[in-house]
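Each protein sequence line maps, in turn, to chains A and B. Terminal number for the first sequence in full-length UniProt numbering: 137, no gaps in between. Terminal number for the second sequence in full-length UniProt numbering: 439, no gaps in between.
It is possible that part of the hints are untrue.
Unchecked claim - In silico DMTMM-like pairs for lysine to aspartate or glutamate, Cα to Cα no more than 25 angstroms straight-line:
hint	chain 1	residue 1	chain 2	residue 2
1	A	Lys114	A	Asp103
2	A	Lys25	B	Glu260
3	A	Lys11	B	Glu124
4	A	Lys11	B	Glu136
5	B	Lys38	B	Asp187
6	B	Lys116	A	Asp128
7	A	Lys108	B	Glu128
8	A	Lys25	B	Glu136
9	A	Lys38	B	Glu410
10	B	Lys38	A	Asp128
11	B	Lys38	A	Asp27
12	A	Lys91	A	Asp27
13	A	Lys11	B	Glu260
14	B	Lys38	A	Asp103
15	B	Lys280	B	Glu400
16	A	Lys11	B	Glu128
17	A	Lys108	B	Asp379
18	B	Lys38	A	Glu90
19	B	Lys280	B	Glu124
20	A	Lys68	A	Glu90
21	A	Lys87	A	Asp128
22	B	Lys425	A	Glu90
23	A	Lys87	B	Glu124
24	B	Lys369	A	Glu81
Think of the hints as simulated: they come from the structure by calculation, not from any bench.
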Amino acid sequence: MPLQALRSATKPQNGVGAFILQCKKLDFHYCDWAGSSKGMNAFLQHNLPTFARQNPQVEITVSPRPRKHPVIRGTYINGREKAVCVKNLEKDQILKKAELLRDASGEKLRRVTKPVKSVNESVRGVWDPFHGAKWNI
Amino acid sequence: MGAFEGIDKLGRYQPPTESCRHDHIPSPHPEAAVHSPKLAALHARLSLPERLPLQTLARSLVDVSADSDPAFNNSSLAILGSDILGYYTSEFLLCHYPRLPMVVLFAAQSAYVGPKTLAALSQEWGVEAAACPGGEVDPGLLQFTQVDPGAPPPDMLKPGTTSRPNDDRHYRRGLSSRIVYDDQFGDMKANPDSGIAITGSSTSFPSSPSRSQPTFPPPSSSLSSTLTSHRPNLGPDRQPTASRTTAYAPPPSRNGTTHERARQTFVRALCGALYLHCGKPYTRSFFRAHILSRSLRPSTPSPATSSLPSSSAPQGLASLFAFTQPTRDLSRLCAREGFEPPVARLISETGRASRHPVFVVGVYSGRDKLGEGAGSSLDEARFRAAANALRGWYLYTPGEGEVSMPSETEIGAGGGNGRERGGGKKYIPPFIDPGEVVV
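Same shape as in the complex, but just chain B (with noise of 0.2 angstroms):
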């Protein structure tokens, strides 16, 4: 690769001339992303591979709101890494949790890969974010352009621009609906062809009918001829102004997208290009490392989940439930399931008659105990006694060695005892559930 224009021989910094400017071009230039101190820095610290090219870290910073030429933003990376956030997160599980209700699963993936969770880990892996997005400005920052002080959001959805069928009339948003038309996290996502930017669950491209460049150049040793190919070298004779007016003209008015948006679509984008660069097994790895490792757990520890494992996953797991009346569910549940109807008893109390009163409350059906629950009073005792018993049933796992998800047995999956050479682990058929009870 040649010397970068902006820099020297030796690293220092030399004004650039007339003929070489970077400030025309929306986002640096692909042979700045190895001169930047911030990018290198990044890459060492998420501790990413040498095959992840500092060319595409950089891109991978660049939000659509930004640069709007599919070529240079990250929104196609970012449409790969949403679905293989989405694949890892439900497939752990849907394979560890095999009874988890359908709303809960919903909210548990949005707490592993939802948007919030992503916006923090960028904010964690320490990505600055650009004042303005520019040609000139370092690539180690994170480049988008604000959306306009007093205009609507960037993802406020109005009828007629969500997936769903006859939004305008305001039907009632059923859990098989939301499966089937929603995102991944069960909330309502942009229609494709509304022309919206979305990036909460999947990126689409802004509409724009002259959009017919590649969308990720392939991962290969000469990926910096390849980037540079795109966007050709500054010479007099190709200007940037030139090239880009003739080829992508930006639009006029630019849709503009919060700092929170913009993060979480450059996580995404970094896991579409890992990926693409580092393959199946790495990708894996890293998602276990930054994603599957985050705890999640309630935020104040109730006395309701204190029964349960004391393992992260299923406390956490078990907070997300909002059960609004446990005992009919219990009841149905054993009805379904073929056991004795469940039966309430009192196990011990204290201070009937006093201030604080403790009835602590078992449910028995037959001669087992479901669950347990103390409350202040009987029936909040009774109550929570059935809640426990539900998220005990709901958060069933099977044993350690007993799960296998299915990107572990993948061949090349490297982890597992590999037994044959690039082999991934034994596939065992997950245990699959007839599904939550139908009040």
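If we strip away everything but chain A, and leave its shape as in the complex, we get (with noise of 0.2 angstroms):
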């Protein structure tokens, strides 16, 4: 039998070539009379125009969520969801929470022990008794 091949597909290294922000749609939902909604709501009013102008790669909602506490909840690429309580919090820290939700890749937190972690081989390759210098004793 000739030469053979096999069929396989390439993945996806996002970042080389184009970068696709993994934050798809972030709901933000206020209540109109709790008191933990107050930064939220002025955060609707104020820092939520221009947030939603400089990422409009995000699908962004805005919804009331009566008697309840404010929350931000962001829908990622691969299908999870992260959910941020915002109650009693001012406007300038609802922003630093809505970023970090748009600036998170999805994926479950996980404690990272390695300084690095890379899909590619080794450089330097495997330790190899064949190759290298030769000791003779």
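Take the two lone chains and join them into the complex the hints point to.
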């Protein structure tokens, strides 16, 4: 049988070439009555238009959530969601939280212990007893 | 453009009155595209230029199974996009790796722009699917009709429906006939006259005799008016149902499609739309940024490829080779090229009598080492060495400055050093190889 080929598919490398922001949607929930939404309501009135204009790649929805604490919920390309409760926060603190959700990748938070994580093979290669200096004893 | 009927001037949703309901049309109205936050977000997420209007992006999201009208679905754009993707990929592979064997070229083509890759790509772009297509659905969602459960898959090819003559006789599909009859991935494709809507490599309309509409409005500044002229303003005098039923009656039984096929068609259609609206230079850079930048690498790093250069593309291409008799191929290659016949020599070994012996064998042609491989038996190491020698031959690439792809040299191609205004790179004739060894 002559030479055959294996079928495979290329894998994404986000940021090599094009970068796709992983946060695709941000939902802002507020309450008109409750005091814990005071900062959120100020944020929606003053900061959100600028924030939305600066981040056109994120779909933004604003909806009331009566008698509940205000929440920002991010939806990510990998299908996960991340929600942050912003009760009693000032509008600048809420902006920080919105930026945090925008910049998140949607992955579960894990403790990173290794300094480098790479899918590429090591440049130096795996140690091999048959190459390199020959020791004659 | 007039205000969209469902939205008032402040962007608030108004319940549709009886005269302007959109749920009778099979896919969203083009005017709805400019009011969809999902669509605008997708446009910005892909950093698409302003020249690609939202209406066209919305149209590229409508599959033929959702709207059978070729003026509103993405099938014509997908045909163009499929050809563009195939062209850019094959010119990259052929100019950079001129000695690639044909089967590996097919496999590489399928790895870069094959169905699986394109379907994954649209998911990585964050494209969501609508549960069911319709005129009232958000135009930022992928619109398609699911194939009925239990029905045969839409891409199943029966004898008599492929593009091959005498395909009911089950002749062997040789490599030469695959080049002639099959698609860009060497897979069987449906005959355009057979009535099967194909999206595997190229898309075709379902066979219906009364399709005489223009397939795509020309890209112009008045695109919105062009689009809306096809789908007239839904005033009380021109009801959507009336105009649809007289002009384009949807077929009674819709052929559904799968989610994966609809996603592939969207990516192809988007490339086609980019080509029409933004031109060749932008389409090329989009292709490089989104498709060529993906990594083709083996799932597990194998020791067989470790002696190759560490750039990602040749390593990935090396993982596509599946040799059956590498030693025979190598001796044929040496005979053809006039090299001395290859000889395998043991370079080093350890633990011959132990449970884990390792032998390192090199294949030599005269005084030149062609390849080297390690294995747990002498034969395994010899085969690996011959396979590595063949990979080294087939993955020859000219130096970085000595490759120019035809699309780079076109006038207005942008890139390169651009000595004259709008001129492309200097054309360097590509290396032409006699071909793979025939055994």
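TODO: Decide if the proposed pair is consistent with the structure: lysine 280 of chain B and glutamate 400 of chain B, CA atoms, cutoff 25 angstroms inclusive.
DONE: holds (23 angstroms)
Open item on the list: Hint check: lysine 108 of chain A vs aspartate 379 of chain B, CA-CA at most 25 angstroms. Holds or violated?
Closed with: violated (47 angstroms)
Open item on the list: Just to be careful, I want the Cα atoms of lysine 114 of chain A and aspartate 103 of chain A compared with a cutoff of 25 angstroms; is the pair within it?
Closed with: holds (22 angstroms)
- [ ] Below or equal to 25 angstroms on CA atoms is what counts here, so check lysine 108 of chain A against glutamate 128 of chain B.
- [x] At roughly 21 angstroms apart (the allowed maximum being 25 angstroms), glutamate 128 of chain B and lysine 108 of chain A satisfy the hint.
TODO: With a cut-off of 25 angstroms on the C-alpha distance, tell me whether lysine 68 of chain A and glutamate 90 of chain A pass.
DONE: holds (17 angstroms)
- [ ] For the pair supplied as a hint, lysine 38 of chain B and aspartate 27 of chain A, confirm whether the alpha-carbon distance does not exceed 25 angstroms.
- [x] holds (13 angstroms)
Task: Satisfaction of hint between glutamate 260 of chain B and lysine 11 of chain A, Cα-Cα up to 25 angstroms - done: Given that 25 angstroms is the threshold and the Cα spacing comes to 17 angstroms, the pair holds.
Task: Distance restraint between lysine 25 of chain A and glutamate 260 of chain B, which requires alpha-carbon spacing of 25 angstroms or less - done: holds (23 angstroms)
Task: Distance restraint between lysine 38 of chain B and glutamate 90 of chain A, which requires alpha-carbon spacing of 25 angstroms or less - done: violated (29 angstroms)
Open item on the list: lysine 425 of chain B and glutamate 90 of chain A were given as a pair; does the straight-line alpha-carbon distance stay at or below 25 angstroms?
Closed with: violated (56 angstroms)
Open item on the list: Hint check: lysine 11 of chain A vs glutamate 128 of chain B, CA-CA at most 25 angstroms. Holds or violated?
Closed with: holds (20 angstroms)
Task: Given pair status - glutamate 124 of chain B, lysine 280 of chain B, alpha carbons within 25 angstroms - done: Holds, because 24 angstroms separates the two Cα atoms, which is no more than 25 angstroms.
The structure is inconsistent with the numbered hints 4, 5, 6, 9, 10, 17, 18, 21, 22, 23, 24, although it conforms to all the rest.
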